[in-house]
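Engineer: Can you build the whole structure from these sequences, using the hints too?
Each protein sequence line maps, in turn, to chains R, C and V.
When you line the first sequence up against my numbering, it's residues -1 to 259, in that order.
When you line the second sequence up against my numbering, it's residues 384 to 630, in that order.
When you line the third sequence up against my numbering, it's residues 24 to 281, in that order.
It should be emphasised that the hints constitute simulated quantities derived from the structure, not laboratory data.
Fair warning: there could be bad hints in the mix.
Only some residues are given here: those of chain V computed to face chain R with a beta carbon under 8 Å [to be verified]:
1. G107
2. R110
3. W122
4. Y131
5. R136
Small disclaimer: the values here were computed from a predicted structure and weren't measured.
Glycine included, each C-beta is placed from N, C-alpha and C at the ideal position.
Residue-level listing of the chains:
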Amino acid sequence: MRKILQRMAQNSMYAIISIVSFLLLWAIGVQLSDIKIVMPGPWEVIIDFVDSFIHPVGRYTMPVHILYSLMRVVPAYIVGSVVGITLGILMGWYRPINSIFRPIYELIRPIPPIAWIPISIVWFGIGEGSKWFLIFLAAFVPVTLNSISGARSVDPLLIKCGEMLGASKKHMFRTIVLPFSVPYIFSGLQVGLAGSWATVVAAEMIRSTEGVGWIIISSMDTNDVAQSLVGIMGIGIVGFLLATIMRNVEDRLCAWTVREV
Amino acid sequence: MNENIKVRVTNLSKQFGDLKVLDNISFDVLQGEFLCVVGPTGCGKTTFLNSVTKLYEPTSGEILIDGKPVDLQKNNISYIFQEQSTMEWYTVEQNIEYGLRIRGVPKVERRQAVDEVLEMVGLKGFRKYYPRELSASMVQRVVIGRAFATKPELLLMDEPYGQLDIELRFKLEDELIDLWRKTGTTVIFITHNIEEAVYLSEHILVLTNKPSTIKKRITNNLPRPRNVIDPEFIRLRNEVTELIKWW
Amino acid sequence: MRVDSTGSVDTVISCQRVSKEFSSKRGTTKVIENISLEVKRNEFVVLFGPGQCGKTTLMNVLSGLDTATSGTVYSLGEKVVRPGAERGVVFQSMALFPWLTVRGNVAYGPKARGFEKSVWIEKSDYYINLVGLKGFEDSYINKLSGGMKQRVGIARAYCNEPEVLFMDEPFSALDAQTRYLMQEEIMRIWSTEKRTIVFITNNIEEAVYVADRIILLTNCPAKIKKEYHIDLPRPRDYTSPEFLSLRDEISKNMDRTL
Chain R
-1 MRKILQRMAQ NSMYAIISIV SFLLLWAIGV QLSDIKIVMP GPWEVIIDFV
49 DSFIHPVGRY TMPVHILYSL MRVVPAYIVG SVVGITLGIL MGWYRPINSI
99 FRPIYELIRP IPPIAWIPIS IVWFGIGEGS KWFLIFLAAF VPVTLNSISG
149 ARSVDPLLIK CGEMLGASKK HMFRTIVLPF SVPYIFSGLQ VGLAGSWATV
199 VAAEMIRSTE GVGWIIISSM DTNDVAQSLV GIMGIGIVGF LLATIMRNVE
249 DRLCAWTVRE V
Chain C
384 MNENIKVRVT NLSKQFGDLK VLDNISFDVL QGEFLCVVGP TGCGKTTFLN
434 SVTKLYEPTS GEILIDGKPV DLQKNNISYI FQEQSTMEWY TVEQNIEYGL
484 RIRGVPKVER RQAVDEVLEM VGLKGFRKYY PRELSASMVQ RVVIGRAFAT
534 KPELLLMDEP YGQLDIELRF KLEDELIDLW RKTGTTVIFI THNIEEAVYL
584 SEHILVLTNK PSTIKKRITN NLPRPRNVID PEFIRLRNEV TELIKWW
Chain V
24 MRVDSTGSVD TVISCQRVSK EFSSKRGTTK VIENISLEVK RNEFVVLFGP
74 GQCGKTTLMN VLSGLDTATS GTVYSLGEKV VRPGAERGVV FQSMALFPWL
124 TVRGNVAYGP KARGFEKSVW IEKSDYYINL VGLKGFEDSY INKLSGGMKQ
174 RVGIARAYCN EPEVLFMDEP FSALDAQTRY LMQEEIMRIW STEKRTIVFI
224 TNNIEEAVYV ADRIILLTNC PAKIKKEYHI DLPRPRDYTS PEFLSLRDEI
274 SKNMDRTL
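Structural biologist: See below:
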C-alpha cells in the first residue's frame, strides 16, 4: 500500500515537473524571440482561459460552449458505439454476418470523418444532424473494429468448455463471447471517444455559433491567437476528463482483468 | 577465511513492506559443492535466489563470493530457470556462444569453447539447428550448455526440471551431475521436489515457511550413482519430507 | 454383468479401433492408432504415456471435444459425436471463466442447462464445499492460487454431475508439493463422490498413486502398450517398496521421447 502511494506521489511529481517545464519553455521562448507577435505567453492564455468562464467568448461563456459541444458528441457517440458494438460482435462471431458486412465496412473504415462533411450537409443540412452524423462515424468505426477482434479472440478452449458443460450456442454467446470481448470493446470505446471529441471541432466548422470548435474557428476571423489557444485548452482538458471517466468505468466493469496479488 | 568457501551468506534478511520473506539466513557454500535448497511451497526460495544474484537488494546481511561482496560485473554467475529461455532466432551454437560474445571472448577461443560444450552436452550434430527444430530435452541441453560455456564460478538453478516427466528428468539430472563433476562448478539448485534434491545434492538446505529461516542443513553422503529405491535413499527422502511437509 | 463394449450397464465409456490423423501441408501424422478400451462405472483409469504421445488427443476424442478419423466412441451405449454435459472435462490449462466468481464458474453448467436458482445454489454449495473452497464462493479466479484454481475446475466439472470425468494433466502446472496435496485431495473427493474418472498424466508417481488401472500408451502414434491393475491399498505410500517398484517397472516400459 505504502509502495503504491509512493509511486503515485512520484508519478504526479514527474507530471508536475513536466508541465511546469513546458510552460517555462513556452514563456522563455515567447520572451526571447519575435514569436510574441503571433504567440501569446502562457500566463496570458491561462488568464484568458479562466476569464472565459466569467466573460462570454462570442455569445456564451466557456462552460456553455463545452456543454453545446458535449450535446453534439454524447448522443452521437452513444449511438455510434451501440451500433458498433452490436455489429462488431455479430461480425466477429457469426461468419455469414461478417461476409455480408465486411466489404462495406472495409470501404468506410479508411475514410476520415471530415471527408464526409460535404455529403453530410447535403443529406442532413447544416444543423445538428450533419454534426451528429460525423461524430457517429468517428465513434462507429473504431468501436466496430475492436468489437470484431474481441469476438474473434475468444479462447476456443472456453467455448469447448461451455459445450462440455451443456450450454447452448445462445447461452455461450451471452456468457462467454460477450464478457470475453468487453476489454476489447473498451479499448475501441476509448479510441472512438477521442475521435468523436476531435471530430466535433471539425463538425462545428460547418456552421455554428457555439461550441469549443466554434471558439477556434471564430478566432481565425478575428486573428485572435489567444482565443484559439483558449479553445485548444478547453478541448484538451475536456478530452482528458472524458478519457479518465471512461477508464474508471472500464476498471469498474472489468475488475477481473486486473491482475494483482 | 577458509579457502574452500565459495559463497558465504551472513544474516541475510529480505523484507517487502510488512512482509518478511527471508529472516536471518546464514550459510556457506563450499568450492565445487552441489547444494540443493528445498522448502515448502511459497517459502521465498525465489526471493532467496534473487537476493543472491543482487536482483533484489537484501534488507540486511551480506553475501560474499571468495570473501568479497557479489559484483555481477566481476563474478561470473550463470542462471538456469524453469522457463526454457533459448533465443529462438539463434542456432544452437549461437545460443551457446552468446554468453561468451557479450563477454568479448575472441573468436578463436569462442569456437573452441563452443565445440567443447557441444561435445559435453551431446549436441555436436545439431550445431546449425534452431531451438524449435529440437525436442524438449535437447532444448534443455542447449540451455545447460549455454550456462556452462562461460565456465561460471557459480551456477544457480531455479527448478529447471519442474515441468518435465520423470524419465526425462532423471536423464537430464544424470547429465547435469556428469557436467558438474567434469567442470567442478559450484552449483546452487533450488527445487520443490524432494526426491530430486536427494538425488542431486551433496548438501541440502531445508528452509522453513515465511519468514524463511534455515531449518536444517543436511549432509548427503549417499554414494553415486544413486538409486531412488535404495532404502537409504528413501530414508533421507522421508526425513526431508517430514521437515517441510505442509500438505 | 458386463455384456459388451457398447451396451453394458457396467461400461460407462468405451471406444473401438479409434484412430486419429492430423493433416497438414507436410502430410498426415497419425496421432492415435487403433485404440480400443472400456472404462467401467466408478473406475479410476489413468492414461499414461511419454511427452507428446497423443494422450490429450485421445481424451478429446473420448470426451467428444474432437472427432476420430476412424473408429467409434460410445458413452453408455450411445455414439459420442460432440461434447456433452454427461462427459465433464478438467483441463490442463484450467480454462476457467475469469469474469465469473468461484460460484459462477462452478454453477455454470447447471445454470446453462436451465436449473432453477435454488437448485444450482444447492449443487454448487455442495461441490464448492467438497473441493475445500468454502468461504471463497465470491472470489474472482485471478485472486486464487494455482491449486485453488484447479479445485474450481474440478468442482465445475463435478457440479454438472456427469457420467464420466476426464482430467487432462490437471496438476501439471502445480509445483511438486502442491501436486502431492492435490493428488491426496482428488482421492478424497473421489472416495466421497464416486465417479468414473479418466485421468491423463505424464507423471508416473501420480499415476501409481491415483489409478485403479494404468493404460500405458506408446509414443506417437499412441497405441496401447500395456495395462496395469494397481491393487495397492489406499491411501498409498509414495515411498513404500511396492509403490516404488511399480513406478520403476512402468517407467522402464515407457517409450522414451529422448
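Engineer: Which hints from the list above does the structure break, by number from lowest to highest?
Structural biologist: Violated: none.
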